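> Given next are the chains, with one letter for each unit.
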Amino acid sequence: MRSASAKRQGLTEQDIDEGVTHYATSARFTAAEKAALRWCELMALDPERIDAEFQCTLRRHYSDEEIVELGAFIGFNIGYHTFFGTLGFYPMFSPDGRLVSQEESARLYGAAPVSLATTNGPADKRG
Amino acid sequence: MNAMLVAPLNVEELRDPELNALVDRCSVLGVPDPAFAGTLAHAPEYAKALLQALLVSHAEGRVDHRLKEVIRVQLARIAGDAYFAGLRSTRARSLGLDEETITAAAGRFDIDPRFTEAEKWALRYARNMYLDPEKVDAAFYAEGKRHYTEAEIMELGAFIAFHYGMQVFMRAMGTPHRKG
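Protein chains in written order, with our numbering: chain C, 41 to 167; chain X, 201 to 380.
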């Protein structure tokens with residue numbers, strides 16, 4: 041599923057794909073946005089690497105309030121996405137906006153949401 | 201160990217009655233302590249929403265608070281979060297939860313007679329959620345329904361997800377200095 045608000049503000053599927061798969065080399069993201077995406081990746085997959093140098097990088101781009109906002113948002117999502125994944129939910133709406141049954145949604149979106157398939161790359165150290 | 205990414209505000213200097221009331225409730229329970237509230241207080245609206253959700257998910261609902269406390273510590277150890285792993289619920293203690301039971305839940309709880317079959321399922325639920333989520337499948341939930349109502353399973357699942365998420369957040373922020 042996607043945030044309607046983010047879409048109205050101009051977020052595209054290409055932005056999401058690049059943000060998930062190769063944000064570090066993408067020209068779509070600012071240095072601040074890359075730091076936020078990197079933080080998300082490290083929190084989920086490799087928290088040992090959140091070191092003093094990375095902390096400095098975050099502080100260069102974000103205020104204390106923004107760091108708390110970002111970190112809590114990322115933590116919340118890490119916790120809940122795994123939980124929802126165990127429940128076998130599929131989106132309520134088809135890509136063209138139709139309200140669909142869970143059975144039809146499962147046929148449309150496959151065995152797992154597409155966005156999950158791209159996060160299980162070599163950086164995932166949980167195995 | 202890294203310094204804290206953001207230094208906690210002094211909660212005694214907060215001047216938001218709603219936030220102050222939540223901090224007081226947390227202090228009575230012992231989880232979280234003022235370091236977490238003071239960290240979140242940099243973003244006051246987040247602080248209010250998250251502290252309220254932490255309190256409701258941990259200390260309210262139908263599932264035994266002592267079981268939730270054991271699970272909360274088990275999750276903190278899985279998350280590698282020394283901050284939440286070091287906190288204890290005063291209410292769970294007053295209800296009889298001891299450190300031996302908390303330690304037992306981190307070991308071979310499956311063969312430990314101190315836990316009921318329902319509690320063992322809940323402990324497996326929490327452990328597998330982040331270490332082996334493939335095992336939390338339809339058959340696992342079907343087994344859970346022999347012990348808990350669907351509402352209780354959602355209460356447990358949401359509790360596990362939320363507290364683990366906040367533990368991941370706190371680990372990423374660095375462990376605060378604890379007084380005493």
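FYI, nobody ran anything at the bench for these hints, they're computed from the structure. Honestly, I wouldn't trust all of these hints.
[Stated by the list, open to error] Below, in silico cross-link-like pairs of lysine-lysine (DSSO-like), each with a Cα-Cα straight-line distance of 30 Å or less: (1) C:Lys74 / C:Lys47; (2) C:Lys47 / X:Lys248; (3) X:Lys335 / X:Lys345; (4) X:Lys320 / X:Lys345; (5) X:Lys320 / X:Lys335; (6) C:Lys74 / X:Lys345.
Note that this is a predicted model, so its numbers are computed, not measured.
> State the violated hints by number, sorted upward, taking the hints as numbered earlier in the document.
6
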